[in-house]
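Participant: The residues making up each chain are set out below.
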Amino acid sequence: MDYPTTSTLLSWLIFTPLIGVGAILLLLAARPFLRIGVRDGASEETRLTIQDLVDNAARAIGLMTTVAVALLSLLLWSKFEGGSAGLQFVHHVVWMRSWNIEYFVAVDGLSITMVILTGIIFVVAVLRSFMSVARTRAMLGGKREGVGNVLAAGLGVVTPFCSCSAVPAFIGFVTAGVPLGVTLSFLIASPMVDVVAVTLLYGLFGWQIAALYVASGLVLATLAGYLLGRLKLERFVEGFVYDMQVGTVGAGATTVPTWRERFVGGLDEVKQVVGKIWPFLLVGIGIGAAIHGWVPEAFFVRIASPDNVFAVPLAVLLGIPLYANVAGILPLVGALQAKGLAMGTLLAFMMAVVALSLPEMILLRRVLKPRLIAVFVAVVGTGILFTGYLFNAILG
Amino acid sequence: MNVKVLGPGCANCKATVTLIEQVAKAKGLDVTIEKVEELRDIIAYGVMATPAVVIDGEVVHVGGRPSQAKVEQLLGA
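Note that the protein sequences, when read in sequence, are chains A and B.
Mapping the first sequence onto the numbering used here, position 301 (from 1) lands on 301, and the numbers just tick up by one.
Heads up: take any position in the second sequence, counting from 1, add 1000, and you land on the numbering used here.
Warning: the hint list may mix true and false statements.
As the list claims (entries may be wrong) - Mimicking DSBU-like on lysine-lysine, the simulated pairs with C-alpha atoms at most 35 Å apart in a straight line are:
1) B:LYS1004 - B:LYS1025
2) A:LYS143 - B:LYS1025
3) B:LYS1035 - B:LYS1070
4) A:LYS369 - B:LYS1035
5) B:LYS1025 - B:LYS1014
6) B:LYS1027 - A:LYS276
7) A:LYS232 - B:LYS1070
8) B:LYS1025 - A:LYS79
9) A:LYS271 - B:LYS1014
10) A:LYS143 - A:LYS79
11) B:LYS1025 - A:LYS271
12) B:LYS1027 - A:LYS369
13) A:LYS79 - A:LYS232
14) A:LYS276 - B:LYS1014
15) B:LYS1070 - B:LYS1014
16) A:LYS232 - B:LYS1025
17) B:LYS1035 - A:LYS79
18) B:LYS1070 - B:LYS1025
19) A:LYS271 - B:LYS1004
20) A:LYS271 - B:LYS1070
21) A:LYS369 - B:LYS1014
22) B:LYS1025 - A:LYS276
Said to hold, decoys possible - Derived list of chain B stretches under chain A, where covered just means 3 residues or more per stretch with a C-beta under 8 Å from a C-beta of chain A:
23) 1004-1012
24) 1017-1024
25) 1029-1035
26) 1045-1053
If you are wondering where the hints come from, they were derived from the structure by calculation, not from laboratory data.
Everything numeric in this text was worked out from a predicted model, so none of it was measured.
For every residue, glycine included, the Cβ atom is placed at its ideal position computed from N, Cα and C.
The shape of chain B in the complex, shown without the other chains (with noise of 0.2 Å):
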């Protein structure tokens, strides 16, 4: 699974990679992270409102650092 989180590179977005991070790794799932800070892919996903999070190509979650609960549904564990 591919997972990027969008976003300038924010506390929030470096609190949301590391959650991910960390649901990805009790579940023992294979996920590979990816930050895109850089503006003009962040627009190209539609984005305007960041940390988003994007799982395989589609958006799934914008505008604020998920919970955890969301995360571990997001990436389906």
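In isolation and in its complexed conformation, chain A is listed as follows (with noise of 0.2 Å):
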């Protein structure tokens, strides 16, 4: 296939970093020898000073090929056509014709969204340290069902929140006399609605999928918790949860953070959450490789053409006990959509998967009765088969 150079600039984000260590190496590799520009008797200060002035020059180049990098890639994201799954910025040499040898390099949708990723992921991480579950519990108690549902909903995605500690926040939030079916807004709202999800989103079919995914995850997160609130199933809770002691000593801890301490904990989140998804993009992307390669299309277009009623329910039954990591769903997603299956269909099944977890369910087994569980899955997973089909409709 023929692809012909549409930009080198992706060529000079590859290679800067490497002339940028190039540089260092030869620098450091030369250090031993920058002695001997220094007189016989020169005092060992002397030389030390040398020595740091070459860790100087060293560090100055790496700081700068790294603002280089930076603004290279600000450049590729300003100019790269999100939601299209073409091959973009193509830069292709015939090196050796005679050998078939050439150089070719491009990006998709998925490689160019780990770049836009980290500088979001930064931005939400210094946005998200002005709130706290703390100060989300503070807003939310005394607020009645219905407003309470909308605002837990939106805190659900804004509060730096891990559904590992779902059970600490619950009986925090429950103990302070928010209600049952509020809590659960936020509990579903919260992975659901979540920054590495909806940029991926983004990445792989632009915004207005990725606008629908916001915006549907918090009406499913307000109207669950609304109508598990409405079938009153306190008596469900563990009755411990009740007799709890929340304490005051953490209260003292919520000292304001200083803009420095603010943007070095964006900076950590940023190295935090690349270094976790990155395996599962991999493993995610070649299973999205195997099924564009080796499944026929048929296949998926007989078991989940948008005219099959069954598909959206078997997406997420299958989404329900499946526990990924979204980054790991999402290039999958990206794959089936390209064999042909419907997007409301898919994103029903990310939803389950990232909504219905079973490791979450076990959890909140320690504070919610079973009966409480099955309902919760029950209704979630029914607003989720809704979102389904109701996109099917939209973008079918």
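Take the two lone chains, each set in its own frame, and fit them into one complex as the hints suggest.
Facilitator: Quick look at the structure:
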């Protein structure tokens, strides 16, 4: 297949760090020989100063390279067209024609998303440093159902929260007088409308799909929480929860961070998140590629065409027991979409995977009786089902 | 110094314990590290997001794995 060169930007982005590293290595390799310039009998301190100079120069080159790479990434992002699955920024040079050796680089929706992701995670982490679970709890305390559900869903998105602390948060909320349904709205929205998920959706399918996902996630969390609250399920919360005394010691820890701390925290978050998701991304891309290459298109079209009414329930049922990082699921979703699966079916699958995970249910079992967990899964699952059908109708 | 790491045994909680151990060892600090995994005890500290760090009975960090710089600062290293 012939890909004409459309931009050399990507090559610059790839080779700038290498040039920087090369320069630093040369400089460091030359370091021992720099003594020669120093007169015999020069003090040990003079020698050390020269060594320091070299170290400083190396550091300066490192910094300049980093800044250059950051600027190039921004440029790449600004020129990237989200939502198109094809290759962009193709740089193609035939090197040795007779041997068929060519230089070829390009970027697709997923790889550029990693570039964007680092930036977005940073910004979100800095913004989130203004929020905490304790603050959210204070804001939700005393709110009535309805308004409370809407607020809880919104706060679920902006509060820094890991679903591994679902249980302490649940107890904290309930004992503060936050209604059960409102608490559940928070717990549904938080993992579902996740910054990594939304960014990856944007990279793969464009901002319309990402926005649709965010909106439907918020609506789903609000309505499901409201409905669960109306069902008066408080008796299916483990009794000890209401007897628990939430200490006030933690209140003292919420000192206001400085801007420097917010930025450093943001960078740390980028490191943690990117470090955590890239293995999942690779595995997801691998499975996606396997599907792309080996699974015949007719297979999916038959079982999961928009006309097949059972496609969405099947996707939700498959998604519930599946516990996967959203970064691993999305490349898979991308590959399945390329095979002709309907977008609504795929979004329903993704929502089921992230919002209804088995490990989280097992965690919540410590505070919720099985009956309540079953109702929770049923209500949220039905909501996802409905969302899937709705999207298939709108987008199909 | 008595350091408690509050958390129900998630990956980040373990990472936090390891990080504090490393910093304490590197700086030669006399630190006893305790893992608090019991829900009731975590809640008693008023902590709603884990992992959290308690030093000498005072909650000093909540809701995530602290950075190495933060740990060094907290331990006064």
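Participant: Give a verdict on every hint.
Facilitator: Outcome of the hint check:
1. Distance hint between B:LYS1004 and B:LYS1025 is fulfilled; the C-alpha atoms sit about 16 Å from each other, no more than 35 Å.
2. Restraint check for A:LYS143 and B:LYS1025: the C-alpha separation of about 47 Å exceeds 35 Å, so the hint is violated.
3. Between B:LYS1035 and B:LYS1070 the CA atoms are separated by roughly 19 Å; this keeps the pair inside 35 Å, and the hint holds.
4. Among the hinted pairs, A:LYS369 with B:LYS1035 is consistent with the structure: their alpha-carbon atoms are about 27 Å apart, no more than 35 Å.
5. As the CA atoms of B:LYS1025 and B:LYS1014 are separated by approximately 17 Å, the hinted pair is consistent with the 35 Å bound.
6. For the hint linking B:LYS1027 to A:LYS276, the alpha-carbon distance of about 28 Å falls within 35 Å, and the restraint holds.
7. Distance hint between A:LYS232 and B:LYS1070 is unfulfilled; the C-alpha atoms sit about 44 Å from each other, more than 35 Å.
8. A C-alpha spacing of about 48 Å is found between B:LYS1025 and A:LYS79, which places the hinted pair above 35 Å, so the restraint is violated.
9. For the hint linking A:LYS271 to B:LYS1014, the alpha-carbon distance of about 18 Å falls within 35 Å, and the restraint holds.
10. A threshold of 35 Å between alpha carbons decides the hint, and for A:LYS143 with A:LYS79 the separation of about 45 Å lies outside it, so the pair is violated.
11. About 24 Å separates the Cα atoms of B:LYS1025 and A:LYS271, which keeps this hinted pair within 35 Å; it holds.
12. Under the criterion of a C-alpha separation no larger than 35 Å, the hint pairing B:LYS1027 with A:LYS369 is inconsistent with the structure, at around 47 Å.
13. Only pairs whose Cα atoms come within 35 Å are accepted, and A:LYS79 paired with A:LYS232 is rejected, the gap being roughly 52 Å.
14. About 15 Å separates the Cα atoms of A:LYS276 and B:LYS1014, which keeps this hinted pair within 35 Å; it holds.
15. The hinted pair formed by B:LYS1070 and B:LYS1014 meets the criterion: a straight-line CA distance of about 17 Å does not exceed 35 Å.
16. Between the alpha carbons of A:LYS232 and B:LYS1025 the distance comes to roughly 52 Å, so the proposed pair goes past 35 Å and is violated.
17. Taken as a hint, the B:LYS1035 and A:LYS79 pair is broken in the structure, with Cα atoms around 49 Å apart against an allowance of 35 Å.
18. Between B:LYS1070 and B:LYS1025, the direct Cα distance comes to roughly 16 Å. Compliance with the 35 Å bound is thereby established for this hinted pair.
19. With a C-alpha separation of about 25 Å, the suggested pair A:LYS271 and B:LYS1004 falls inside the 35 Å cut-off, and the hint holds.
20. Simply put, A:LYS271 and B:LYS1070 have alpha-carbon atoms about 15 Å apart, close enough for the 35 Å limit, and the pair holds.
21. Taking the CA atoms of A:LYS369 and B:LYS1014, the gap is about 28 Å. The hint holds against a cut of 35 Å.
22. Annotation: proposed proximity of B:LYS1025 to A:LYS276 holds, straight-line Cα distance about 26 Å (limit 35 Å).
23. Judged by the Cβ-Cβ criterion of 8 Å, the stretch 1004-1012 of chain B is covered by chain A as claimed, because 5 of its residues qualify and three suffice.
24. Coverage of the stretch 1017-1024 of chain B by chain A is violated [criterion: at least 3 residues with CB-CB distance below 8 Å; count 0].
25. Proximity of the stretch 1029-1035 of chain B to chain A, defined as three or more residues with a beta carbon under 8 Å from a beta carbon of that chain, is not established by the 0 residues found.
26. With 7 residues having a Cβ less than 8 Å from any Cβ of chain A, the stretch 1045-1053 of chain B passes the three-residue criterion, so the hint holds.
Of the numbered hints stated above, those contradicted by the structure are hints 2, 7, 8, 10, 12, 13, 16, 17, 24, 25, listed in ascending order.
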